[in-house]
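Chains as they are written, first to last, in the working numbering: chain E, 1 to 225; chain F, 1 to 225.
Possibly wrong hints are sitting among the right ones.
A pair holds if it fits inside one copy or across any two, identical chains being indistinguishable in the list.
[Said to hold, decoys possible] BS3-like mimics (lysine-lysine), calculated; alpha carbons at most 27 Å apart, straight line: (1) 169 / 114; (2) 169 / 210; (3) 168 / 114; (4) 168 / 213; (5) 213 / 73; (6) 213 / 169; (7) 41 / 210; (8) 213 / 114; (9) 210 / 168; (10) 168 / 41; (11) 210 / 31; (12) 169 / 41; (13) 41 / 213; (14) 114 / 5; (15) 114 / 95; (16) 73 / 210; (17) 114 / 31.
Simulated from the structure, these hints should not be mistaken for lab results.
Protein chains: 2
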Amino acid sequence: MSETKPIIAIVGGTGDLGTGLARRWIQAGYKVIIGSRSLEKAQTAVNDINSLMEERGVVSVSVEAMANEDAAKAADIVTMTVPFGHHQSTLESIKPMLAGKILVDVTVPLVPPKVARVQMPEQGSAGQIAQEILGEDVNVVSAFQNVAAHHLQEGHELSCDVLVCGNKKDARAQVIELVEAAGMRGFHAGSINNAAAVEAMTSVLIFINKQYKCHAGISITGLDE
Amino acid sequence: MSETKPIIAIVGGTGDLGTGLARRWIQAGYKVIIGSRSLEKAQTAVNDINSLMEERGVVSVSVEAMANEDAAKAADIVTMTVPFGHHQSTLESIKPMLAGKILVDVTVPLVPPKVARVQMPEQGSAGQIAQEILGEDVNVVSAFQNVAAHHLQEGHELSCDVLVCGNKKDARAQVIELVEAAGMRGFHAGSINNAAAVEAMTSVLIFINKQYKCHAGISITGLDE
Numbered sequence: 001m002s003e004t005k006p007i008i009a010i011v012g013g014t015g016d017l018g019t020g021l022a023r024r025w026i027q028a029g030y031k032v033i034i035g036s037r038s039l040e041k042a043q044t045a046v047n048d049i050n051s052l053m054e055e056r057g058v059v060s061v062s063v064e065a066m067a068n069e070d071a072a073k074a075a076d077i078v079t080m081t082v083p084f085g086h087h088q089s090t091l092e093s094i095k096p097m098l099a100g101k102i103l104v105d106v107t108v109p110l111v112p113p114k115v116a117r118v119q120m121p122e123q124g125s126a127g128q129i130a131q132e133i134l135g136e137d138v139n140v141v142s143a144f145q146n147v148a149a150h151h152l153q154e155g156h157e158l159s160c161d162v163l164v165c166g167n168k169k170d171a172r173a174q175v176i177e178l179v180e181a182a183g184m185r186g187f188h189a190g191s192i193n194n195a196a197a198v199e200a201m202t203s204v205l206i207f208i209n210k211q212y213k214c215h216a217g218i219s220i221t222g223l224d225e
Numbered sequence: 001m002s003e004t005k006p007i008i009a010i011v012g013g014t015g016d017l018g019t020g021l022a023r024r025w026i027q028a029g030y031k032v033i034i035g036s037r038s039l040e041k042a043q044t045a046v047n048d049i050n051s052l053m054e055e056r057g058v059v060s061v062s063v064e065a066m067a068n069e070d071a072a073k074a075a076d077i078v079t080m081t082v083p084f085g086h087h088q089s090t091l092e093s094i095k096p097m098l099a100g101k102i103l104v105d106v107t108v109p110l111v112p113p114k115v116a117r118v119q120m121p122e123q124g125s126a127g128q129i130a131q132e133i134l135g136e137d138v139n140v141v142s143a144f145q146n147v148a149a150h151h152l153q154e155g156h157e158l159s160c161d162v163l164v165c166g167n168k169k170d171a172r173a174q175v176i177e178l179v180e181a182a183g184m185r186g187f188h189a190g191s192i193n194n195a196a197a198v199e200a201m202t203s204v205l206i207f208i209n210k211q212y213k214c215h216a217g218i219s220i221t222g223l224d225e
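Just chain E, same shape as in the assembly:
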């Protein structure tokens, strides 16, 4: 995998965040598999992406639709963008296909209707829950929780950074490559426990979006000293 690009699945990948990431990785030359519980929904998302890529003049496009489990099986790296309500059940359904792989967990444990209020789960974070469910044989890496889907959907440059948490440095480094391929800076941000900070920050950003009428993200400062 050092020479060729890994195949990326996006489980629950038909929403704004999933298709936003898909667009960027496809444009960077990755093969992407859009997964959904409904193959039909996944196929619709893929058709939309193909149309958009044609509009954007992207010549080489590699994207496919599959059921979530098949997507997870066919991929080298599995990204998951599902609402927190489907987090546990989705993890359980794809767990058998994840042995030895990286799971990129993008889940934010929002509790509607107060999504601008931090309300973290007892276990600490969605990332920790995922690592517990999947066990040591899967490297859970949490990332992308603070990126506005709105910005990913668009083709132009992104001004926000991505904090990457996970227990293995090498797994984090592979995800940082994917962050960079999507046009952002990625940072090693510590163990999977630290996902709590990043996930909680999403509610703060939702609050700021409402307060200041924007699509806020965060950026790391003070690096050059």
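Starting from the known structure of chain E, fit chain F onto it as the hints suggest.
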């Protein structure tokens, strides 16, 4: 208080963070009271600040040393910069002096030795603990947890933003004024529950500091859209 500047106490204000904030507020023309459990320690900190202000050519300097309780009593706005281990006991000792005031809680619930690992308290955050202990008659506003003391100590411009959490918008707005007086941008970041995100982020920044050899902070992006 609308015309004249509020008097600011910094309880537990002899450390790097407390004196860093003091320097900036004094230079902005505020009267600052440095509080400590030991009046002697507070006096030493005040002497150091006076020397530094002379070095920097600051003409009008208003700073005084007091025991924590007296500092809290004499001030309009009370800032607290104590280690998490002294958070509860300090709050209890100054509670009688805080009725009707704003308490600016800068506390981060770090659990040594693993300070680069997010380990939040059961109650959610230090800010929520403070609001619980002090009751509805005190407006707890959490702020400044992500600012490197190293940068505050210096006189020059700061590139990091401050997320300001608290249950009352007006109280947050008063603290945002203090953030701006200290040379940074301050943002309304939601209720005191949201302090959890900002406090947890400090451990992530400590991790980044070690990993990338820097004094990192965060900045809000995506505002101008």
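Now the hints, each set against the structure:
1. 169 / 114: between (34 Å within a copy, 17 Å between copies)
2. 169 / 210: between (35 Å within a copy, 14 Å between copies)
3. 168 / 114: between (33 Å within a copy, 17 Å between copies)
4. 168 / 213: between (37 Å within a copy, 20 Å between copies)
5. 213 / 73: Close neither inside one copy (41 Å) nor across copies (39 Å); limit 27 Å.
6. 213 / 169: between (37 Å within a copy, 17 Å between copies)
7. 41 / 210: Neither way: residue 41 and residue 210 sit 30 Å apart in one copy and 44 Å across, limit 27 Å.
8. 213 / 114: Result: close within a single copy only, 18 Å intra versus 38 Å inter.
9. 210 / 168: For residue 210 and residue 168, the Cα distance is within 27 Å only across copies (16 Å; inside one copy 36 Å).
10. 168 / 41: Answer is neither: 34 Å inside a copy and 44 Å across each miss the 27 Å cutoff.
11. 210 / 31: This pair counts as neither: shortest intra-copy Cα distance 36 Å, inter-copy 35 Å.
12. 169 / 41: neither (35 Å within a copy, 43 Å between copies)
13. 41 / 213: neither (31 Å within a copy, 46 Å between copies)
14. 114 / 5: The answer is neither: 40 Å in one copy and 36 Å across copies each exceed 27 Å.
15. 114 / 95: neither (30 Å within a copy, 30 Å between copies)
16. 73 / 210: neither (39 Å within a copy, 37 Å between copies)
17. 114 / 31: So residue 114 and residue 31 fail the 27 Å test inside a copy (37 Å) and across (39 Å) alike.
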